[in-house]
Amino acid sequence: MLLLFIAWGPTAPRLADHMALASLPADVQPADDLTRDARLREIRAVADGQSAGAEPAIQAAGKTFAAWRSLAEWGLLVVGLALGALGGFWAYRQLGARFRARNRFETVVKVILIACSTVAILTTVGIVFSVLFETLRFFARYPAWDFLFGLQWSPQTAIREDQVGSSGAFGAVPLFAGTTLIMLIAMLVAGPIGLFSAIYMAEYASRRVRALAKPILEILAGVPTVVFGFFAALTVAPLIRTYGEALGFDVASESALAAGLVMGVMIIPFVSSLSDDIINAVPQSLRDGSYGMGATKAETIKKVVLPAALPGIVSAFMLAISRAVGETMIVVMAAGLSGNLTFNPLEAVTTVTVQIKTLLVGDQEFDSAKTLSAFALGFVLFFFTLMLNIVALRVVRRYREQYD
Amino acid sequence: MTDIAVSARPRAVDLSSDAARRRTRKRYRAEARFRAYGIAAILFALAFLVFLVSDIVIKAIPAFTLNSVALEIEANREDLDPQGTGQPDAIARGDFVAPIRTALQGIFPDAAAERRTRQALNGLISSGGDEEFRKLVVADPSLIGSKLTVPVLLSDDADLFFKGIVTDVDAEVGRGVATPSAVSGDVTILSSANDFANSVVEIKRALSAEARRLRGEVERYQGLLATYSAALTTAQGELAAARVSAPADVPRLEGVVAKLTSDRDSIAGQIQSLGAIAAELETHFTGSGAEPLDEKVPSLLVQINGGVVKVTEASNSRISGTTLIPLQSANEAAAGTWEVVTLSAPEANRKLSDQEVAWLMQLEDEGRVTSGFNWLFFTSGDSREAELAGILGALSGSFYTMIVTLIISLPIGVAAAIYLEEFAPKNAWTDVIEVNINNLAAVPSIIFGLLGLAIFLNFFGLPRSTPLVGGLVLALLVLPTIIIASRAALKAVPPSIREAALGVGASHQQAVFHHVLPLAMPGVLTGTIIGMAHALGETAPLLLIGMIAFIVDVPGGPTDAATVLPVQIFLWSDLPEVGFQAKTAAAIIVLLMFLLVMNGAAITLRKRFERRW
Numbered sequence: 016m017l018l019l020f021i022a023w024g025p026t027a028p029r030l031a032d033h034m035a036l037a038s039l040p041a042d043v044q045p046a047d048d049l050t051r052d053a054r055l056r057e058i059r060a061v062a063d064g065q066s067a068g069a070e071p072a073i074q075a076a077g078k079t080f081a082a083w084r085s086l087a088e089w090g091l092l093v094v095g096l097a098l099g100a101l102g103g104f105w106a107y108r109q110l111g112a113r114f115r116a117r118n119r120f121e122t123v124v125k126v127i128l129i130a131c132s133t134v135a136i137l138t139t140v141g142i143v144f145s146v147l148f149e150t151l152r153f154f155a156r157y158p159a160w161d162f163l164f165g166l167q168w169s170p171q172t173a174i175r176e177d178q179v180g181s182s183g184a185f186g187a188v189p190l191f192a193g194t195t196l197i198m199l200i201a202m203l204v205a206g207p208i209g210l211f212s213a214i215y216m217a218e219y220a221s222r223r224v225r226a227l228a229k230p231i232l233e234i235l236a237g238v239p240t241v242v243f244g245f246f247a248a249l250t251v252a253p254l255i256r257t258y259g260e261a262l263g264f265d266v267a268s269e270s271a272l273a274a275g276l277v278m279g280v281m282i283i284p285f286v287s288s289l290s291d292d293i294i295n296a297v298p299q300s301l302r303d304g305s306y307g308m309g310a311t312k313a314e315t316i317k318k319v320v321l322p323a324a325l326p327g328i329v330s331a332f333m334l335a336i337s338r339a340v341g342e343t344m345i346v347v348m349a350a351g352l353s354g355n356l357t358f359n360p361l362e363a364v365t366t367v368t369v370q371i372k373t374l375l376v377g378d379q380e381f382d383s384a385k386t387l388s389a390f391a392l393g394f395v396l397f398f399f400t401l402m403l404n405i406v407a408l409r410v411v412r413r414y415r416e417q418y419d
Numbered sequence: 115m116t117d118i119a120v121s122a123r124p125r126a127v128d129l130s131s132d133a134a135r136r137r138t139r140k141r142y143r144a145e146a147r148f149r150a151y152g153i154a155a156i157l158f159a160l161a162f163l164v165f166l167v168s169d170i171v172i173k174a175i176p177a178f179t180l181n182s183v184a185l186e187i188e189a190n191r192e193d194l195d196p197q198g199t200g201q202p203d204a205i206a207r208g209d210f211v212a213p214i215r216t217a218l219q220g221i222f223p224d225a226a227a228e229r230r231t232r233q234a235l236n237g238l239i240s241s242g243g244d245e246e247f248r249k250l251v252v253a254d255p256s257l258i259g260s261k262l263t264v265p266v267l268l269s270d271d272a273d274l275f276f277k278g279i280v281t282d283v284d285a286e287v288g289r290g291v292a293t294p295s296a297v298s299g300d301v302t303i304l305s306s307a308n309d310f311a312n313s314v315v316e317i318k319r320a321l322s323a324e325a326r327r328l329r330g331e332v333e334r335y336q337g338l339l340a341t342y343s344a345a346l347t348t349a350q351g352e353l354a355a356a357r358v359s360a361p362a363d364v365p366r367l368e369g370v371v372a373k374l375t376s377d378r379d380s381i382a383g384q385i386q387s388l389g390a391i392a393a394e395l396e397t398h399f400t401g402s403g404a405e406p407l408d409e410k411v412p413s414l415l416v417q418i419n420g421g422v423v424k425v426t427e428a429s430n431s432r433i434s435g436t437t438l439i440p441l442q443s444a445n446e447a448a449a450g451t452w453e454v455v456t457l458s459a460p461e462a463n464r465k466l467s468d469q470e471v472a473w474l475m476q477l478e479d480e481g482r483v484t485s486g487f488n489w490l491f492f493t494s495g496d497s498r499e500a501e502l503a504g505i506l507g508a509l510s511g512s513f514y515t516m517i518v519t520l521i522i523s524l525p526i527g528v529a530a531a532i533y534l535e536e537f538a539p540k541n542a543w544t545d546v547i548e549v550n551i552n553n554l555a556a557v558p559s560i561i562f563g564l565l566g567l568a569i570f571l572n573f574f575g576l577p578r579s580t581p582l583v584g585g586l587v588l589a590l591l592v593l594p595t596i597i598i599a600s601r602a603a604l605k606a607v608p609p610s611i612r613e614a615a616l617g618v619g620a621s622h623q624q625a626v627f628h629h630v631l632p633l634a635m636p637g638v639l640t641g642t643i644i645g646m647a648h649a650l651g652e653t654a655p656l657l658l659i660g661m662i663a664f665i666v667d668v669p670g671g672p673t674d675a676a677t678v679l680p681v682q683i684f685l686w687s688d689l690p691e692v693g694f695q696a697k698t699a700a701a702i703i704v705l706l707m708f709l710l711v712m713n714g715a716a717i718t719l720r721k722r723f724e725r726r727w
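Read top to bottom, the protein sequences are chains A and B.
Per my numbering, residue 16 is the first one in the first sequence, and the count goes up by one each step.
Per my numbering, residue 115 is the first one in the second sequence, and the count goes up by one each step.
No wet-lab data here; the hints were simulated from the structure.
This one's a predicted model, so the numbers in the text were calculated from it and none came from an experiment.
Positions of the beta carbon are idealized from the N, C-alpha and C atoms, including for glycine.
It is possible that part of the hints are untrue.
[What the hints assert, rightly or not] Beta-carbon label-pair distances, calculated as ranges: (1) B/606 <-> A/164: 24 to 34 angstroms; (2) A/417 <-> B/154: 38 to 48 angstroms; (3) A/318 <-> B/711: 17 to 27 angstroms; (4) B/670 <-> A/151: 34 to 44 angstroms; (5) A/409 <-> B/333: 23 to 33 angstroms; (6) B/546 <-> A/158: 26 to 36 angstroms; (7) B/362 <-> A/151: 50 to 60 angstroms; (8) B/157 <-> A/301: 27 to 37 angstroms; (9) A/383 <-> B/608: 38 to 48 angstroms; (10) B/279 <-> A/224: 33 to 43 angstroms.
[Unchecked claim] Just a sample of chain A residues kept apart from chain B, beta carbon distances all over 10 angstroms, derived: (11) 78; (12) 102; (13) 111; (14) 124; (15) 166; (16) 222; (17) 235; (18) 237; (19) 244; (20) 317; (21) 322; (22) 353; (23) 390; (24) 400.
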């Protein structure tokens with residue numbers, strides 16, 4: 016039943032469109048997609064009763080369109096009712112003393128459960144396909160090599176030929192460099208702070224301190240990123256600019272430093288909570304052995320606990336990196352738009368996510384290389400974070416098995 | 115430390131020598147240092163959090179109050195109900211702005227005489243200022259013809275002036291006896307004490323600071339100029355060389371030279387204009403005697419005898435200026451009855467002119483200005499006017515989006531968790547699903563936006579900008595969270611429950627649905643609430659599916675175009691007006707409140723219903 020509705024939804028209007036267009040006389044037949052859309056809009060307007068001022072051919076087509084549309088709606092009703100009646104009749108026939116309703120019902124429920132659990136798979140497949148198709152369409156227009164290794168990013172495809180930058184360069188290296196720069200700044204903040212707080216909470220803190228400090232760190236993870244973005248753009252960036260200029264540096268108002276710092280604070284909890292778990296999972300016997308040799312607590316941690324927990328900590332860092340790379344709102348609000356190829360943290364850089372957002376928000380036609388390039392960037396982003404996640408999760412899993 | 119292999123016989127353990135003591139102390143110091151790093155890290159996170167929250171709260175405070183001015187308005191029939199029907203819906207379409215303007219102009223009759231000042235005066239009232247008046251009259255049409263005192267909403271700039279954001283206002287009560295020379299036009303005021311000395315000194319100080327800043331700026335630009343000139347010389351040299359040897363490079367180098375030349379020229383121009391401004395400022399504050407004031411320096415207003423004089427020239431005991439609001443008399447004003455008001459922001463740097471400030475001060479002195487809680491912020495949709503903008507539209511958009519998300523993700527998530535935890539055979543396929551779910555939880559949220567754009571909008575043709583699509587995308591986003599939490603909750607239910615149910619003849623499914631699932635429900639709900647809190651704060655995927663449009667109307671259902679709270683925050687944060695900055699911070703506070711409540715509910719739920727088996 017639902018299937019019927021889902022199938023009917025997209026097909027019926029297309030059929031009506033097609034029939035309406037087919038009824039147009041040959042001389043007004045649209046030549047390309049654009050005029051086709053324009054004609055269809057006119058026809059729809061006529062069918063909705065706003066027929067004033069339309070050409071006679073369009074008028075006629077509008078009538079055809081309206082007829083087909085109502086036919087489609089009635090058809091849906093009739094077919095739906097018929098199917099319902101058929102189902103009811105079949106169910107009635109099946110009922111009887113020998114009918115094992117529970118078993119049948121449970122089979123159905125099980126199928127539903129399986130279907131639900133595949134939604135997650137379908138989501139991944141959906142992501143991969145939606146991004147992949149558009150990416151391939153983009154690479155059909157613009158060589159993949161130039162995209163991945165080109166040094167210039169200026170996605171404005173011009174309307175006129177003679178305009179400046181009319182070519183539209185899609186070399187994504189400045190974006191990758193900007194993303195890497197901001198990610199590095201963020202990790203410089205989040206790495207040490209996250210790791211040290213994890214060590215402190217796992218090894219030193221009393222129960223009370225732990226009960227207080229852990230929620231504080233988790234609040235940081237729960238604050239929406241748009242709030243961090245606001246804070247980065249309106250408080251941290253001007254602060255950095257003022258102090259930088261007082262020290263004689265030339266600071267851009269949308270410096271990579273502001274975005275990176277705030278993002279670093281945002282991902283502290285991702286580093287700390289996973290590292291905390293990992294450190295806690297290191298068996299106590301290792302520590303006791305080290306204490307038995309006369310080592311202090313700090314020495315035990317540095318020489319025994321951390322090396323034992325290293326794979327897990329590395330994967331915590333990898334997950335944090337994947338967060339930092341995929342984070343959007345902070346960089347949209349606090350980092351710049353122009354693709355500077357620089358590693359100076361005081362200058363404005365742009366990132367992959369900023370460009371995806373910029374290219375896809377607002378009016379868009381789905382055929383321009385500009386729009387499609389956003390999907391190509393999305394593909395790169397998805398692929399990169401997926402690899403990081405898979406490796407990191409696998410390492411964590413293997414590590415857990417090792418000590419369990 | 116004791117290396118037995120190298121030394122022939124075991125060394126006595128050395129614990130008491132000075133060197134050993136030093137070593138031990140050093141190790142203990144290292145220990146303390148290491149511990150301090152940990153504390154410092156946690157304190158840093160805490161300090162950042164406190165800084166973040168207090169910064170936002172401080173920024174938000176102005177948005178929670180709203181100033182309005184009480185006016186006695188003539189509710190005349192010609193404007194409000196021209197047809198004379200007396201019907202509420204006819205009255206609701208009446209012109210309520212005209213009577214308000216008349217009432218305001220009645221307070222400042224001479225401002226109403228001229229077109230330019232009249233417009234400025236009208237500009238003090240918000241474009242939605244007539245709402246209160248309209249409501250009052252529509253509710254009770256019999257009020258038409260009478261005179262009403264109604265609070266009228268002030269415009270954004272006027273509102274911000276009373277919140278102290280437009281400029282610092284420093285009022286000093288006059289200590290001497292002041293004698294104005296006239297009641298309107300050009301006026302000089304003599305004071306028997308040196309009442310204006312402080313202000314003059316203050317203004318000179320502000321000017322010299324500004325001039326110093328400009329000089330510094332000029333120096334910085336001169337450094338830049340030197341770099342650019344050097345680069346230009348190099349480029350010209352390269353160009354000359356290229357003309358001889360590598361003609362292919364000539365166009366590119368010509369472009370470089372042209373760009374450098376224009377950059378250098380613009381920098382030189384900048385230096386010149388900044389230098390000129392600085393020099394002009396310097397003549398101001400080095401000069402002695404009467405100080406001329408213009409719109410580039412802090413303004414000085416004198417409130418005297420019921421009028422306001424804008425100072426154009428000031429010395430220690432005598433000022434001359436023009437009246438902004440005519441004085442009621444030219445009598446001598448006794449000490450303490452008049453004030454010198456300094457507006458520290460120069461007139462050129464603010465949106466409110468001295469004239470407008472004078473009107474506002476007058477209105478305030480008359481006790482007409484009242485500040486109240488900003489209910490409008492919670493009861494109206496978005497607006498281009500900062501004082502009228504509210505979050506109700508965004509809130510209801512968020513509400514519908516969350517409903518759609520919940521309806522989709524909760525059943526699917528729980529069903530998937532039940533299958534994976536209770537029924538799924540251990541094979542490669544379920545392994546794939548499991549790995550996939552864990553990975554999906556870590557996919558950047560903007561990717562989900564791409565998915566929504568490509569599949570829901572382009573393929574299925576669902577309407578753009580609607581909570582329906584937003585909810586669908588967010589449902590997919592939070593699904594992994596719900597599945598993981600539900601699985602953990604199901605796993606925590608002991609097998610004895612299941613076995614007891616199976617033992618009395620229940621089928622496997624009956625055991626799960628009737629016994630295990632109800633016991634796991636608190637855990638499931640906790641996970642769901644946390645997932646929903648995550649979805650409520652999510653912005654990036656919603657931008658891509660078009661929930662970023664400017665929408666004034668409060669949406670009435672999940673298929674109306676809408677925006678959500680975090681996106682509203684993003685939209686407002688982009689606007690240049692100061693009023694919107696406060697609104698942004700206030701919206702953030704509302705959002706954080708919701709998240710706090712949701713997470714608090716999750717924690718309470720966990721504490722109250724969690725059972726240790």
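Nearest-CB test (10 angstroms) between chain B and residue 235 of chain A: violated (6 angstroms)
Range agreement (Cβ of residue 608 of chain B with Cβ of residue 383 of chain A, hint 38 to 48 angstroms): Since residue 383 of chain A and residue 608 of chain B have Cβ atoms about 59 angstroms apart, the given range 38 to 48 angstroms is violated.
Least C-beta distance from residue 78 of chain A to chain B larger than 10 angstroms: Check passes; 24 angstroms lies beyond 10 angstroms.
Verdict for residue 279 of chain B, residue 224 of chain A (Cβ pair) under range 33 to 43 angstroms: holds (41 angstroms)
Non-interface label on residue 353 of chain A, tested against every C-beta of chain B at 10 angstroms: holds (15 angstroms)
24 to 34 angstroms as the expected CB spacing between residue 164 of chain A and residue 606 of chain B, which holds or is violated: Once the Cβ atoms are compared, 51 angstroms apart, the range 24 to 34 angstroms for residue 164 of chain A and residue 606 of chain B is violated.
Given as non-interface: residue 244 of chain A, which should sit over 10 angstroms from chain B by C-beta: It is violated; residue 244 of chain A is separated from chain B by about 7 angstroms at its closest Cβ, not greater than 10 angstroms.
Separation of residue 124 of chain A from chain B, once the least beta-carbon distance is taken, above 10 angstroms: violated (6 angstroms)
Range hint compliance [Cβ, residue 670 of chain B to residue 151 of chain A, 34 to 44 angstroms]: Since the Cβ atoms of residue 670 of chain B and residue 151 of chain A sit about 41 angstroms apart, the hinted range of 34 to 44 angstroms holds.
Distance rule for residue 317 of chain A, whose beta carbon must clear each one in chain B by more than 10 angstroms: violated (8 angstroms)
Pairwise beta carbon distance, residue 546 of chain B to residue 158 of chain A, judged against the given window 26 to 36 angstroms: At roughly 34 angstroms between Cβ atoms, residue 158 of chain A and residue 546 of chain B fall inside 26 to 36 angstroms, so the hint holds.
Status of residue 222 of chain A, Cβ more than 10 angstroms from any chain B Cβ: holds (15 angstroms)
Hints 1, 2, 3, 5, 7, 9, 14, 17, 18, 19, 20, 23 and 24, counting from the list given before, are not met by this structure.
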